[in-house]
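Could you build the full structure based on these sequences and the hints that come with them?
2 protein chains.
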Amino acid sequence: MSASYPDHLREEVERYLQDMSFSEEPLTAGLEEAMRYSLLAGGKRIRPVLALATARAVGLEQHEVLPLAGAIELIHTYSLIHDDLPAMDDDELRRGQPTCHVKFGEGVAILAGDGLYAEAFRHLLRKQRSAPERVLAAAAELATATGASGMVGGQYADISGRTPPGPAALRRLHELKTGRLIGASVLCVLLLTGTADGPEATPFRRFAAELGVLFQIVDDILDVTGTDDALGKPRGSDERHGKRTYVSEFGIAQARELAAESHATARAALAELAERGAVQDGATAELEDIADFIYTRTS
Amino acid sequence: MSASYPDHLREEVERYLQDMSFSEEPLTAGLEEAMRYSLLAGGKRIRPVLALATARAVGLEQHEVLPLAGAIELIHTYSLIHDDLPAMDDDELRRGQPTCHVKFGEGVAILAGDGLYAEAFRHLLRKQRSAPERVLAAAAELATATGASGMVGGQYADISGRTPPGPAALRRLHELKTGRLIGASVLCVLLLTGTADGPEATPFRRFAAELGVLFQIVDDILDVTGTDDALGKPRGSDERHGKRTYVSEFGIAQARELAAESHATARAALAELAERGAVQDGATAELEDIADFIYTRTS
Chain A
418 MSASYPDHLR EEVERYLQDM SFSEEPLTAG LEEAMRYSLL AGGKRIRPVL ALATARAVGL
478 EQHEVLPLAG AIELIHTYSL IHDDLPAMDD DELRRGQPTC HVKFGEGVAI LAGDGLYAEA
538 FRHLLRKQRS APERVLAAAA ELATATGASG MVGGQYADIS GRTPPGPAAL RRLHELKTGR
598 LIGASVLCVL LLTGTADGPE ATPFRRFAAE LGVLFQIVDD ILDVTGTDDA LGKPRGSDER
658 HGKRTYVSEF GIAQARELAA ESHATARAAL AELAERGAVQ DGATAELEDI ADFIYTRTS
Chain B
418 MSASYPDHLR EEVERYLQDM SFSEEPLTAG LEEAMRYSLL AGGKRIRPVL ALATARAVGL
478 EQHEVLPLAG AIELIHTYSL IHDDLPAMDD DELRRGQPTC HVKFGEGVAI LAGDGLYAEA
538 FRHLLRKQRS APERVLAAAA ELATATGASG MVGGQYADIS GRTPPGPAAL RRLHELKTGR
598 LIGASVLCVL LLTGTADGPE ATPFRRFAAE LGVLFQIVDD ILDVTGTDDA LGKPRGSDER
658 HGKRTYVSEF GIAQARELAA ESHATARAAL AELAERGAVQ DGATAELEDI ADFIYTRTS
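These protein sequence lines map, in sequence, to chains A and B.
Under our numbering, the letters of the first sequence match residues 418 to 716, in that order.
Under our numbering, the letters of the second sequence match residues 418 to 716, in that order.
Just so you know, not all the hints are guaranteed correct.
Because identical chains share one entry, a pair is satisfied inside a single copy or across any pair of copies.
To be verified - Derived pair list, reagent style SDA-like, types lysine to any residue, alpha-carbon separation capped at 20 Å: (1) Lys650 with Glu450; (2) Lys660 with Pro616; (3) Lys520 with Ser577; (4) Lys650 with Leu457; (5) Lys650 with Thr662; (6) Lys660 with Pro443; (7) Lys520 with Ile576; (8) Lys520 with Arg579; (9) Lys650 with Gln514; (10) Lys660 with Gly522; (11) Lys660 with Ala585; (12) Lys660 with Gln514; (13) Lys520 with Pro503; (14) Lys461 with Gly615.
Because the hints were derived from the structure by calculation, they are not lab data.
Here it is as structure tokens:
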């Protein structure tokens with residue numbers, strides 16, 4: 418297993434995000450600063466890189482989906498800002514830096530998140546050069562994946578303390594909270610190419626869904642086994658917040674087994690794409706690398 | 418001046434909002450409850466009613482823009498929930514009822530707002546039956562009107578304390594915070610009909626922009642002269658929050674003059690539409706009623 422992350426795609430995303438600006442309005446300069454502070458705080462850019470790698474797998478040039486990829490990272494950043502708020506997880510550090518509300522105050526942080534979400538749709542709807550009905554379908558999927566039956570619903574389930582016991586509800590919670598946006602990073606590219614219902618779709622959808630699960634299991638393991646330095650925040654925050662995780666539910670050994678199974682399922686879905694002739698030979702190499710990276714990452 | 422609000426349109430909006438649901442997911446039932454609590458708390462529904470009245474002015478049936486109108490009210494509700502938060506205006510009452518965060522807690526209120534905003538785009542993009550490129554244009558306008566150089570930017574300017582002195586900056590702040598979404602309630606309908614750049618567009622745009630200004634001036638006056646009962650919250654909240662308003666800037670008498678001028682400008686824009694033959698005779702009657710209502714309202 419290679420686990421060499423496609424850094425060439427990450428760098429392309431990074432440059433694209435650096436060039437984004439949201440408001441020329443002098444009255445809102447401080448808001449722009451808070452939005453860019455959180456957006457440009459680094460990270461692996463897994464979701465937009467996944468969108469670029471999916472584009473390459475289906476025969477597009479990666480730059481053709483950069484507006485979509487950028488929008489997805491804006492949404493991810495917004496979700497981190499709101500998750501970190503005192504009324505939610507109350508985290509003071511993110512990637513080794515003060516979180517948005519610590520740096521700019523709580524009111525500004527709420528608005529920076531709100532603004533990033535609005536600007537994500539504005540950017541996707543104005544900049545993505547695909548047929549209007551396809552941009553529409555991708556934007557609708559993104560709204561669904563991040564709405565009340567998606568990411569925001571999952572975050573609610575996470576903080577509500579009302580999630581029933583047992584692994585099924587835990588998996589469902591994480592499908593919503595983490596999985597839906599990761600899945601959308603793949604699915605929206607298929608929607609832009611009009612192949613979301615074609616023969617490619619089934620294994621691609623399975624890959625997308627499984628990658629979200631894999632990400633979360635590894636995340637839960639790292640919160641227990643990682644170092645503060647590598648994580649960029651204090652280890653053990655899940656336990657302090659009384660959160661149910663794959664580790665609290667199954668123990669560390671079984672969580673590792675689940676991660677291995679999940680990784681194998683994701684890789685098998687990619688292999689099936691090639692077997693079916695749904696993609697060109699070798700076209701899923703970067704997607705394989707991303708799956709391997711998510712499985713083996715240490716931060 | 419009649420000032421008879423088009424209640425038949427408000428009732429149609431109300432029924433439509435009643436029928437909306439956001440998530441069938443059992444894990445998120447409490448989120449759905451909070452979203453519907455705030456959405457169905459009443460109010461004049463000025464923005465969606467404005468969209469329906471605009472549709473009738475340009476010769477559509479009002480029900481043809483209900484998905485847009487519903488999306489706009491979801492966005493307005495989200496903005497109220499976030500504005501009321503302790504980190505923002507810290508308001509405990511809205512329309513005589515506990516605000517969302519008082520009733521459900523701060524974390525849930527933040528997510529209820531986030532969820533309503535996502536569901537607004539989901540709803541508009543999935544339900545609005547117009548040509549895809551027109552739905553796309555309307556959704557992009559809505560994202561722009563509510564983003565960093567729109568509503569969220571205006572709310573930032575309002576809480577930042579960094580807005581420069583003088584009436585120009587105050588007017589600009591309110592154009593962003595209140596005016597852009599009210600304007601979009603008219604403009605998005607023109608975008609759905611493909612007439613946003615036609616001969617109707619200029620007076621319509623002037624009407625839409627002016628109505629936002631008028632709304633805010635009257636709002637500022639009512640915060641000083643209204644009764645707690647009529648307002649559904651304690652009077653004088655602007656002063657307690659140290660907010661600059663049309664009243665604090667100009668005094669009550671001049672603010673009333675400005676409101677009268679603004680109302681006259683809005684009415685003149687509608688008259689011009691009829692003179693130009695851009696709309697059928699009498700087609701702007703409901704828009705006139707809305708302008709009159711906004712000018713003369715007491716709550």
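Within, between, both or neither, where Lys660 and Pro443 count as close if Cα-Cα is 20 Å or less: For Lys660 and Pro443, the Cα distance is within 20 Å only across copies (19 Å; inside one copy 42 Å).
Regarding Lys660 and Gly522, is the shortest C-alpha distance of 20 Å or less found within a copy, between copies, in both, or in neither? between (26 Å within a copy, 18 Å between copies)
Given a CA cutoff of 20 Å, do Lys461 and Gly615 count as a within-copy pair, a between-copy pair, both, or neither? neither (30 Å within a copy, 46 Å between copies)
With identical chains treated as interchangeable, where does the CA-CA distance between Lys520 and Pro503 reach 20 Å or less: within a copy, between copies, both, or neither? both (13 Å within a copy, 18 Å between copies)
Homomeric proximity label, Lys520 with Ser577: Cα distance no greater than 20 Å: between (27 Å within a copy, 14 Å between copies)
Reference check for the pair Lys650 and Glu450, CA-CA at most 20 Å: within, between, both, or neither? Neither way: Lys650 and Glu450 sit 22 Å apart in one copy and 34 Å across, limit 20 Å.
Treating 20 Å as the Cα threshold, decide for Lys650 and Thr662: within, between, both or neither. within (18 Å within a copy, 42 Å between copies)
With 20 Å as the alpha-carbon cut-off, assign the pair Lys520 and Arg579 to within, between, both or neither. Between copies, since 17 Å is at most 20 Å while 32 Å is not.
One pair to classify: Lys520 and Ile576, alpha carbons no more than 20 Å apart. Within, between, both, or neither? Between. Shortest inter-copy distance 16 Å satisfies the 20 Å Cα cut-off; intra-copy 23 Å does not.
Can you give me the call for Lys660 and Pro616, within, between, both or neither, at a CA distance of at most 20 Å? For Lys660 and Pro616, neither the intra-copy (39 Å) nor the inter-copy (58 Å) Cα distance is at most 20 Å.
When no copy is named, should Lys660 and Gln514 be tagged within, between, both, or neither for a Cα gap of at most 20 Å? So Lys660 and Gln514 fail the 20 Å test inside a copy (23 Å) and across (32 Å) alike.
Regarding Lys650 and Leu457, is the shortest C-alpha distance of 20 Å or less found within a copy, between copies, in both, or in neither? Answer is within: at 17 Å inside a copy they meet the 20 Å cutoff, but 40 Å across does not.
Violated hints for the displayed structure, listed by number in ascending order: 1, 2, 12, 14.
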